[in-house]
Structure formats: C-alpha cells, structure tokens
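Number of protein chains: 2
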Amino acid sequence: MVDYSPALMTDMYEYTMLDACMKDGTANRKCVFEVFTRHLPAGRRYGVLAGTGRILDALERFHLDDEDLRFLADRKVVSPQTIKWLENFRFSGSIKGYREGEMFFPNSPVLQIEGTFGECTLLETLVLSILNYDSAVASAASRMVTAAKDRPCMDMGGRRTNEWAAVAAARASVVGGFQGTANLLASQLYGLKAIGTAAHCFTLVHDSEKNAFESQIAALGKNTTLLVDTYNIEQAVQTAVEVAGPELGGVRIDSGDLAALAQRVRNQLDALGATNTRITVTNDLDEYAIAALQTAPVDSYGVGTMLVTGSGAPTCAMVYKLTEREGADGAMAPVMKKSKDKATVPGRKLAYRSYEYGLADAEHVVSGSEDKLASFQPKDEWKDLLVPYVDHGQIDAQWQGHDAIMRAHDYRAKALAELPITAQSLMKGDPVISTEVSVL
Amino acid sequence: MVDYSPALMTDMYEYTMLDACMKDGTANRKCVFEVFTRHLPAGRRYGVLAGTGRILDALERFHLDDEDLRFLADRKVVSPQTIKWLENFRFSGSIKGYREGEMFFPNSPVLQIEGTFGECTLLETLVLSILNYDSAVASAASRMVTAAKDRPCMDMGGRRTNEWAAVAAARASVVGGFQGTANLLASQLYGLKAIGTAAHCFTLVHDSEKNAFESQIAALGKNTTLLVDTYNIEQAVQTAVEVAGPELGGVRIDSGDLAALAQRVRNQLDALGATNTRITVTNDLDEYAIAALQTAPVDSYGVGTMLVTGSGAPTCAMVYKLTEREGADGAMAPVMKKSKDKATVPGRKLAYRSYEYGLADAEHVVSGSEDKLASFQPKDEWKDLLVPYVDHGQIDAQWQGHDAIMRAHDYRAKALAELPITAQSLMKGDPVISTEVSVL
Numbered sequence: 054m055v056d057y058s059p060a061l062m063t064d065m066y067e068y069t070m071l072d073a074c075m076k077d078g079t080a081n082r083k084c085v086f087e088v089f090t091r092h093l094p095a096g097r098r099y100g101v102l103a104g105t106g107r108i109l110d111a112l113e114r115f116h117l118d119d120e121d122l123r124f125l126a127d128r129k130v131v132s133p134q135t136i137k138w139l140e141n142f143r144f145s146g147s148i149k150g151y152r153e154g155e156m157f158f159p160n161s162p163v164l165q166i167e168g169t170f171g172e173c174t175l176l177e178t179l180v181l182s183i184l185n186y187d188s189a190v191a192s193a194a195s196r197m198v199t200a201a202k203d204r205p206c207m208d209m210g211g212r213r214t215n216e217w218a219a220v221a222a223a224r225a226s227v228v229g230g231f232q233g234t235a236n237l238l239a240s241q242l243y244g245l246k247a248i249g250t251a252a253h254c255f256t257l258v259h260d261s262e263k264n265a266f267e268s269q270i271a272a273l274g275k276n277t278t279l280l281v282d283t284y285n286i287e288q289a290v291q292t293a294v295e296v297a298g299p300e301l302g303g304v305r306i307d308s309g310d311l312a313a314l315a316q317r318v319r320n321q322l323d324a325l326g327a328t329n330t331r332i333t334v335t336n337d338l339d340e341y342a343i344a345a346l347q348t349a350p351v352d353s354y355g356v357g358t359m360l361v362t363g364s365g366a367p368t369c370a371m372v373y374k375l376t377e378r379e380g381a382d383g384a385m386a387p388v389m390k391k392s393k394d395k396a397t398v399p400g401r402k403l404a405y406r407s408y409e410y411g412l413a414d415a416e417h418v419v420s421g422s423e424d425k426l427a428s429f430q431p432k433d434e435w436k437d438l439l440v441p442y443v444d445h446g447q448i449d450a451q452w453q454g455h456d457a458i459m460r461a462h463d464y465r466a467k468a469l470a471e472l473p474i475t476a477q478s479l480m481k482g483d484p485v486i487s488t489e490v491s492v493l
Numbered sequence: 054m055v056d057y058s059p060a061l062m063t064d065m066y067e068y069t070m071l072d073a074c075m076k077d078g079t080a081n082r083k084c085v086f087e088v089f090t091r092h093l094p095a096g097r098r099y100g101v102l103a104g105t106g107r108i109l110d111a112l113e114r115f116h117l118d119d120e121d122l123r124f125l126a127d128r129k130v131v132s133p134q135t136i137k138w139l140e141n142f143r144f145s146g147s148i149k150g151y152r153e154g155e156m157f158f159p160n161s162p163v164l165q166i167e168g169t170f171g172e173c174t175l176l177e178t179l180v181l182s183i184l185n186y187d188s189a190v191a192s193a194a195s196r197m198v199t200a201a202k203d204r205p206c207m208d209m210g211g212r213r214t215n216e217w218a219a220v221a222a223a224r225a226s227v228v229g230g231f232q233g234t235a236n237l238l239a240s241q242l243y244g245l246k247a248i249g250t251a252a253h254c255f256t257l258v259h260d261s262e263k264n265a266f267e268s269q270i271a272a273l274g275k276n277t278t279l280l281v282d283t284y285n286i287e288q289a290v291q292t293a294v295e296v297a298g299p300e301l302g303g304v305r306i307d308s309g310d311l312a313a314l315a316q317r318v319r320n321q322l323d324a325l326g327a328t329n330t331r332i333t334v335t336n337d338l339d340e341y342a343i344a345a346l347q348t349a350p351v352d353s354y355g356v357g358t359m360l361v362t363g364s365g366a367p368t369c370a371m372v373y374k375l376t377e378r379e380g381a382d383g384a385m386a387p388v389m390k391k392s393k394d395k396a397t398v399p400g401r402k403l404a405y406r407s408y409e410y411g412l413a414d415a416e417h418v419v420s421g422s423e424d425k426l427a428s429f430q431p432k433d434e435w436k437d438l439l440v441p442y443v444d445h446g447q448i449d450a451q452w453q454g455h456d457a458i459m460r461a462h463d464y465r466a467k468a469l470a471e472l473p474i475t476a477q478s479l480m481k482g483d484p485v486i487s488t489e490v491s492v493l
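Listed in order, the protein sequences are those of chains Y and P. Using our numbering, the first residue of the first sequence is number 54, and each one after it goes up by one. Using our numbering, the first residue of the second sequence is number 54, and each one after it goes up by one.
In short, the hints are calculated from the structure, not lab data. Any given hint might turn out to be false.
Just so you know, same-sequence chains aren't split out, so a pair can sit in one copy or run between any two.
Stated by the list, open to error - DSSO-like mimics (lysine-lysine), calculated; alpha carbons at most 30 Å apart, straight line:
#1 K202 / K425
#2 K202 / K83
#3 K395 / K137
#4 K391 / K129
#5 K481 / K129
#6 K263 / K137
#7 K137 / K275
#8 K83 / K263
#9 K393 / K432
#10 K83 / K275
#11 K246 / K137
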C-alpha cells in the first residue's frame, strides 16, 4: 500500500511566500482563492471537472514529518518561526466547488478555497496539479464515451503516462464515463472495476498460440478475452473457438484496419457459432477513431495513450488566484491583478447554470461584496454549481472514495445531456454555452 | 517523506499472465524483453532517454505487502500458488540499457530486461510508465535548453501535470539540461537545485506592491527575484529598485510581449543602476518561444506547461516486447510477433553508435543467436550504447541518486554535441541519424 504526504509536492515559492507573510503578519489574513481556466483547449465545447475527491484525500494526508521539516530548515526555505507553525499545520479553511463530473467552461470558478493566506498558499501547486491533470483526462474520456455511444470504454493507458498519473487517470476516466481500468492500484485504492486481456508476449512465450490460449482459459475460464493478432488473425480466431468453444468471452484485436478486421472476425465468429463472443479493439484509439468505428461490429474499446494524455490537451490551464482578502482594517476587500491578458475578476464568486426547455443556455458567475452576495437571489430554474467540500477544516466524506466516483460518473452523463447537443459533436468550435460574469 | 511499493502500479494482465504461466510452467522460462519506440514524435530529430534511475529505485521498493496480497487473492486476480510466489518476490534478472541522457532513435533498444517470464512480465507496465513519461520530458527539455543557448532553464511546471509526475518531470528536466526546479519534493528526493520567485497573490495580499517587495526582501534578502507584472511593470521595477537598491537579484515578467518588455525593463534597470539585476521570463514558454527570445535581454527562463507535457509529445510510444525465450527444449529461441505495422525484430540486441570525424552517423542494432552475438566484434570507433544496470538482481547503485542525475545532465550535452548539428535545429524533419538493424 501507499503512504505519503503531499506536503512537499509543491513549488518552493509557496513556502517562501508563507515565510515572508509569517514575518510581516499577512499570513493570517483571511483570503478567498479561486481556481478557473481562461480558455478550453482549442475547439473543445466543454470540460469535465475531476480530481476534487483526490484533493480531499490529499488534505487528509497533508502533514510535515520531522524529515520534511529538517529539509525545509536545512535548506533555509523557511525560518524557525515558520517551522514551528508547520509542525502542527492542518488546513482549517473551507472549500466549495463544482461537483466532479460537472461540465466547466472558461471562467467557471471550479474551486473556491477560503482560509488564511498561509494555509491557502500551501495548497496552490497541489490543487492545480490534481485538477489540471485529472480534468484533462476526464474531459478527453467524456468525448470518447460520447463517440462510443453505448459501447463501454476501458482505460488501458497506464503505461503511457507517469506511474502515479496512471492511477489518477484511471479514476478520472471513470468520472469521465469510462467503465473500468487495467490499473490495479486504481482498482485497489478506489474500488474501480479492473479489466484485462493478455499481451503478445504471453502468446510468444508459449510453444504455440494454441498452448497460450489453452493456458489462459485454464487460468481465467472461458469468459476471458483472447488476443488474436500475434500471428494470423483468422487462424487465431479459429484456434480460439476450437479451444474455448462458442462460449468464448471475447477476442481482442490490437493492430491493422480495426473496422475491417472486426467485421471479418465477427463473421468468422458467427460462422463458428460463437455469436456471443465479444470483440474488443485497441491500438492508439482516440475519440475520432472511436467515432469512425461506429458501424463496425465492435463491443468495447480499450483506450490508452490518447486518454492519459488528454487527447491533445494534457492539461487544463487552470490557475489559482487570490480574489479577495482581509485588509489592514480587518475588512474583506476584492483584489485583482492587471497583468496583460491575464487580469482576474476580483471578489468571491457565486456560480449558476441557467436552463431553457431543460437545456443549459448560460453559465452565470456573480461577484460582488460579501453583503451583496449574501442577499443575491438566483432565478428559480438556475442550478447552483458550488457544493461545500470542506467546512472550517471538516471534510465532507461523501465526496471521497468509490461511491463518490460512481456518483460523479453518473452525474457527468446527466449534466452532459442537459447541454445543447452540439456539446456531443466532435466538430471543433466555441464552448457550447457562454459564461456571463457580472459584478453586483 | 514518501513510502510506497510500485508493485500494483501495473496493468492487471501482468498478474493474470503470470498466474496462467505459473500453472503451465512457462513462468520460469528465461526471457529477453526489450524496450524501444517505433518512431519519434513527428518532426523530432532525436529523443533523450530518462527514467532508468527511477526504475532502479522502483525495483528496490517493489514488494507486495499483506494488504496487496489479500487484494490480489480476494479479487481472484491470481491463484493461491501465485500468491505464495509473490510473497517473496524479488527481481533476480539482469537489466542493460542506454544511459540516462543518451540520445535515442526509432528501434534503439533503450532497455533490455532478462530474467524469467514471470519476473519480467511484472515489470512491463511500470518500466514503460517511467520511461515513456520521463523521456518525453527530457526530450522536450533538451530542445528548450538548445534554444536557450547559455541561459539557464528552470522547471516551474509542476502545477500543470499530476502531482507525482511533477516530481519525475523535475528530475527528467535536469537530465534534459535544465538547471533547477521549483518542485520541493524533487529537490528533497534527488538533491536538485530548488528555485523560486513569488506569485501574484503575494503582492495582492499586501496593502501595496511596495509592502510586498519589502516583505520578500526582508525574508529572502536582496538577491531574491521580485515579480513585477501584477499591476504596472514600469512602476513595479521602479519600486523594486527603490526597495532593494541596485543589488536586487532579479525581476520576473509573466505576461505580455516578453521580448519587448524585457528590453524596456533592462533599459530601466540599467538606468536605475541595477545593471546586475537579472531578468527571468515565464508564461507558456516552449522551445520556439525561447528561440524567439534569443535577442532579448533575458537572463533565464522559467518553463512550465510545455515542459511537463513534452511540448506536444507527452509520451514516447515506447513498448516492451519479448524478443527471445527459452523453449521446451531449454534452448533460447528468438521470437517475434507479426501484427500488421507492429511486427518486432526477434532476438536479443547489441547496440552501437558509429562516428565519422567525431560525429555520429548511424545507430547499429545487431541481433542474432547468442553464439553469434558473443563473438560479434564492433568497429573500434563504435560506442557501445548498452551499460549494465542490474546483474542477476544486484542493482549497480552508480546509476541512482543525485550524482547519477548530474552525470546524465552532463552526458546529454556531450552526446548531443556528437550528433550532426541538424539535431539542434527546431526545424521539423527525420531522425538525425538512421538506425541500421542487422541480423547476424
């Protein structure tokens, strides 16, 4: 099993800023930080938020042990005063945000972190790492699942991304609509359905393909999926049904013209009486390849590289920005940076999605003084997009673990169905609804 | 600190194949597996290998604890016989491969794993995850470093990739020629130089930019780097020098037209007497943006998104293939799959690079029977590309830890300088040398 703290999975400047603010007193100022992206990847219609549950897991693990503190002290990253503060560090602030599986758009405030400057700053890098990667994978997964229609998509991408990212990708792919993963650690940690077939080396290590198939069926039963493209596919399918009989669970094709091969293999299986034997295809699939296979007799898709690398968009460009903070007078004041092309909208935000005839027609991001926000009345049919995750340090456990992932999986399908159908198109274009930012 | 085993960071089928082969006896067959890529990312001239040292670290950590074994048993991933074998699992095979920092090309056998089928199979997913991601980052880093010429490049990308991938990316970026990283855990684990400036929120949480600069200098000294684009850059530079004096270490610009702004800021700093104050630029830099800044008075580059996502190529498409195995007669026999477009070259490989006038002109991959390989005589000027990493389970520790990373860092520069200079061009094209595969 795994045991670690994410406390140092962060940019050094989070700690040096904390230290400077400890010295001048601003570390204790109340703050509101906001996570959002300025734009979706080019041509994408929507994004799917994922990773929030992992942030909550990370908060629980977040502590500095003696070795970490010694490292920070020896390297003079922070001063002894800050070391002392860090010894008992525990996030005591509050977090709201979009649900996992919720759609997001440019300027959607997908996460809001409220607390002291010191404690919120320490979370910046970690929060962004998690949301940027997980949401990139979930967003790609969602497009693939749409292209696959009712056929299940399975994550087989672990080998094409960092070994820990693979675990996060498996989880995010399920949030994004996938049905299972090849990754065992993801299955162990999150209770996800683990799936698998066999590799070419399994056939090659045996003296014949027949021996290999017999061995796999002896170990895993007739419902297993046999890999049939190590040598000659037609011969392999023949052998597979000879060995397993018509009850053979499935075959996998991993090379060549997948549509044409699936058609040939389907006809061959049917002729052999194996009419219920499923066909799984793999081989650098992405949402476009899956869409192109719609008319082919394929039963499920194993997706690798393009899933775990976000299908051309391996990150979401999410940023973590201070939008409001306590001033010297103790009053909360909105703040904004004015950097060219990167200016921020000041103030804490409310976020709603409005609907017409049951279809979303806009994202409403509302900012203003705390007084005005408190008395703001959204329209009846608006959906409040912000749910509470952490209340003064208390994590709401309903957003963690297996059940939360499966609820997010279901929620994504529902939320996507409520968007204009253009969202389900693979045609490049603008975000399918616009984000209206207003200041009260 | 971190403590974990990577034993379940793998696709389930590695364990189910092991189990089937335990039952039929082939798990004990001696095997040779090979890692290679069939192609470089489109237009790339070379790749830079990284991650091998992390594979050795992972081998040391690789064990299954009671919880892992119970998981595999409860889920019926493997049978009780295999659980027993896994209880004491320790890789007892041998590994050779390219050095970290070495250039690789299509079909370069960057890693060779020899051992029983069972033990080699369990490593497949993990080995590929590490090499595919780390080499993607190192390959991108190397192009950026070339574009930056003598100016240092620093990794600031952790927030744009998975939080663990961030640590691997920091390490791989240094193998690829970077000088340091913002990532604290990478600094702690690998002794890498940690660097950092400040974020916009640091300026915003203070009552004025001047207060923020004073605070940072009080905490970190005048040699620190101040972020000057939160409000108005010209005003910020004025304030920065007022506060720190001409000894100010540096300023960072994170938005706008970086070349034009660097020029203005340089002139302003010089006019204020701060002639030694360095200018760092950041903001979605990639190798092309860095090349475009060659004539601008920039002193260092902070690179984020495009580094940790491989600058358009977030994985290397490396595969792990069985090339030779013991047969029923106990003799080693080359094997190959014949899948369309994915056939493999059978047999264990030797690998050399040949030179003419001190410049590499080809990669030579030599295969054949063990007898013929044993008596093969490379030409005098050929470089043997395979170094021994693990000998019958014994890891050669010289390839692990900080010193190994810095040697790889130096080695990359040397190996790149020995390639035709076209390799250093950002123009898209074919691999700069070709790989000649021959069978003895």
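Okay, the hints, checked on the actual structure:
1. K202 / K425: Result: close neither inside a copy nor across copies, 44 Å intra and 54 Å inter.
2. K202 / K83: neither (47 Å within a copy, 44 Å between copies)
3. K395 / K137: Classified as neither: same-chain Cα gap 36 Å, cross-chain 58 Å, threshold 30 Å.
4. K391 / K129: Neither way: K391 and K129 sit 32 Å apart in one copy and 58 Å across, limit 30 Å.
5. K481 / K129: For K481 and K129, neither the intra-copy (49 Å) nor the inter-copy (44 Å) Cα distance is at most 30 Å.
6. K263 / K137: For K263 and K137, only the inter-copy Cα distance (28 Å) is at most 30 Å; the intra-copy one is 66 Å.
7. K137 / K275: between (61 Å within a copy, 25 Å between copies)
8. K83 / K263: This pair counts as between: shortest inter-copy Cα distance 20 Å, intra-copy 68 Å.
9. K393 / K432: neither (34 Å within a copy, 59 Å between copies)
10. K83 / K275: between (62 Å within a copy, 28 Å between copies)
11. K246 / K137: Between copies only: 24 Å across, 44 Å inside.
In summary, the structure is inconsistent with hints 1, 2, 3, 4, 5 and 9 from the numbered list given earlier, while agreeing with the others.
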